[in-house]
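Engineer: As a plain string of letters, each chain reads:
6 protein chains.
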Amino acid sequence: MIKLQKKTVDAIAAGKLEKGDVLQAAALSTIQGAKRAWELIPLCHPLRLDSVKPEVTLGQDEVKIRCTVTARERTGVEMESLMAVTMGLLTVWDMVKTLEKDAAGQYPVTRITEVEVEEKRVDRGC
Amino acid sequence: MIKLQKKTVDAIAAGKLEKGDVLQAAALSTIQGAKRAWELIPLCHPLRLDSVKPEVTLGQDEVKIRCTVTARERTGVEMESLMAVTMGLLTVWDMVKTLEKDAAGQYPVTRITEVEVEEKRVDRGC
Amino acid sequence: MIKLQKKTVDAIAAGKLEKGDVLQAAALSTIQGAKRAWELIPLCHPLRLDSVKPEVTLGQDEVKIRCTVTARERTGVEMESLMAVTMGLLTVWDMVKTLEKDAAGQYPVTRITEVEVEEKRVDRGC
Amino acid sequence: MIKLQKKTVDAIAAGKLEKGDVLQAAALSTIQGAKRAWELIPLCHPLRLDSVKPEVTLGQDEVKIRCTVTARERTGVEMESLMAVTMGLLTVWDMVKTLEKDAAGQYPVTRITEVEVEEKRVDRGC
Amino acid sequence: MIKLQKKTVDAIAAGKLEKGDVLQAAALSTIQGAKRAWELIPLCHPLRLDSVKPEVTLGQDEVKIRCTVTARERTGVEMESLMAVTMGLLTVWDMVKTLEKDAAGQYPVTRITEVEVEEKRVDRGC
Amino acid sequence: MIKLQKKTVDAIAAGKLEKGDVLQAAALSTIQGAKRAWELIPLCHPLRLDSVKPEVTLGQDEVKIRCTVTARERTGVEMESLMAVTMGLLTVWDMVKTLEKDAAGQYPVTRITEVEVEEKRVDRGC
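In the order they appear, the protein sequences are chains P, B, F, R, Z and C.
First residue of the first sequence: 0, per numbering that gives the first Met the number 0; consecutive thereafter.
First residue of the second sequence: 0, per numbering that gives the first Met the number 0; consecutive thereafter.
First residue of the third sequence: 0, per numbering that gives the first Met the number 0; consecutive thereafter.
First residue of the fourth sequence: 0, per numbering that gives the first Met the number 0; consecutive thereafter.
First residue of the fifth sequence: 0, per numbering that gives the first Met the number 0; consecutive thereafter.
First residue of the sixth sequence: 0, per numbering that gives the first Met the number 0; consecutive thereafter.
Hints are supplied without guarantee of correctness; some may be wrong.
Which copy? The list can't say, so a pair holds if one copy fits it or any two copies do.
Here are the computed lysine to aspartate or glutamate pairs in the EDC-like style, where the Cα-Cα straight-line distance is at most 20 Å [said to hold, decoys possible]:
(1) K2 / E115
(2) K5 / E113
(3) K2 / E54
(4) K119 / E54
(5) K2 / E99
(6) K18 / D101
(7) K18 / E99
(8) K52 / D20
(9) K100 / E17
(10) K119 / E72
(11) K6 / E115
(12) K63 / E113
(13) K52 / E99
(14) K96 / E38
Since the hints were derived computationally from the structure, they do not count as laboratory data.
Hey, can you work out the whole structure from these sequences and the hints?
Structural biologist: Structure (structure tokens):
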């Protein structure tokens, strides 16, 4: 998730950001993150991903991104889903920068945190 | 930072990982993350970066990555440094996957957390 | 522009597409197209783009994309803006595929057309 | 296709362009366009393409590009072929820029038009 | 340079290769190699290149590629020119594969060799 | 291989280079080279690579890189392995630049040479 100031979350919810619809931009970046994990993580190989499903939700003072990635592969896809949510969260940050910065140009509140693998499943039948 | 099991941190320190030197791989990924932020963050433009300096350190049960990015630009480089440390942390995760997974293939401990902008400086003279 | 069936344009306007907000996705792709023109057009060099402004509008039976690109460069930026609108239009196509295909899986109506450089300006003062 | 001035088409045919062989450069860009569609079209996934065959032909006052893409996939490859011909046409534009611009630096004639899916075939046997 | 069998060089000269014009394809790859050096060489940063000029020539039993790269930069551009000629030579190899392989599918003759920096010049006036 | 001055090889062996561990950086670049061959070699298609194993060794006055690439594909993977070792060698060059340059900024000794396909094997059973 990315922790934000409440005023920023309110602005996102109201659709009032100059840079556009934050939640959709984040969803699209999440998908691209999964597709391109192999390029930026040195020992990752490109995998055939069957589906990449982002869920971007607003909380009180945060944006949460969950991404479910499936593939019929011998290798797990946890790096793809981690890269996915990370790119989505960075995209959120970039789009709300102006609101989050204080008078000194610093970010007292903003941080990305709790990026984890919720669940990893293997269906051995396939 | 990325939180890890203590046994994993010990293995990194001892240089005993099959996949290679985790700290250097993370440092190289950190640099590439800064260089390529503009590709994966939709509204980022490519900037001329003067320097990208990663610092990868081991803690008790975590790896910390700090990255200092400088540029003579009108735009700040916080997204470049955020992307940098994020890619470094994801690279660490990928390289220690085997140690961090439990018997059920899950990651009970591993998570990326506290990714923030420590300090943003502007030298108006330039 | 991309010519579409009227029913597709209506669905876009109503925000009823399964794949998401077509106009914003197209705007984001337009920006990325400008940023990456140099990668896919062999003799293009990367340029420092000052601004990339997409305008995505719905017509009766088409989506129009205009993109204004500015740069303080010795070289013109027409290839960047052409690549930009092209990527936006292709993104629209991809997002409305299901609606545009007929029973035989063909595209009787859909086509990208009239991609041109509306105006190229040079301010010699810079 | 890309509409050009007749003098430009004549120069291409005579192989007299400073920037090189336009038709081959266009063919190579066409192939790369197909390979990289998934990178620039947000909801496209990388597919295994079996063959990508460009045909670049000169008309009276235009260059036409057709590209046949085949793959043994569950998904159609129309986006790959559309991206392919588009990149080929943009490459042509870039290579003939100097000839097409008028004294005011504008492009009165040049435009990309009629980009469509000629035929989409599915062989259910595979 | 890339050492080849004489019959292969003859076929290139005669323009009789199925895969197309080898020399131009190599020239285009050379240019792209220079543009993209920073992506694949970890500690390279993107530089503004003023010009990238490939020269692809046929010898008796080899193809030679020289590339002159200029930039108004504080950093040298030797990595860009080395990457450039390397990508050109690899492209040649790929295009003549069928001719170079022997009956056992091996490459008894083919090799890339003598890739060096002929001259590096710095004009301190700029 | 890349030919170097003996003093450079000694510095690599002693781990005394400012830019970091040359052998590991080269190994990581080698892997990335294999993964990305299809992007920079025009007629190469992305292949599913099963394994990419780099071996980076120091000689008296050179660094040798061998890379074994395996894939269950109809196409050979020689281009992937050639691209792999080439990127590894270029990475070595970049990391030892300061040591290899003479007082005039030239490279009297440094060159990449003898890049070849040692062996290509096909297991027809798969």
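Engineer: All the hints need checking, so say for each whether the structure fits it.
Structural biologist: Do the hints match the structure? See the list:
no. : hint       : in the structure
1   : K2 / E115  : both (15 Å within a copy, 10 Å between copies)
2   : K5 / E113  : both (19 Å within a copy, 18 Å between copies)
3   : K2 / E54   : within (17 Å within a copy, 24 Å between copies)
4   : K119 / E54 : within (17 Å within a copy, 31 Å between copies)
5   : K2 / E99   : within (10 Å within a copy, 26 Å between copies)
6   : K18 / D101 : within (18 Å within a copy, 36 Å between copies)
7   : K18 / E99  : within (14 Å within a copy, 30 Å between copies)
8   : K52 / D20  : both (18 Å within a copy, 16 Å between copies)
9   : K100 / E17 : within (15 Å within a copy, 35 Å between copies)
10  : K119 / E72 : within (13 Å within a copy, 26 Å between copies)
11  : K6 / E115  : between (26 Å within a copy, 19 Å between copies)
12  : K63 / E113 : both (10 Å within a copy, 15 Å between copies)
13  : K52 / E99  : neither (28 Å within a copy, 23 Å between copies)
14  : K96 / E38  : between (27 Å within a copy, 18 Å between copies)
Checked against the numbered hints above, the structure violates only hint 13.
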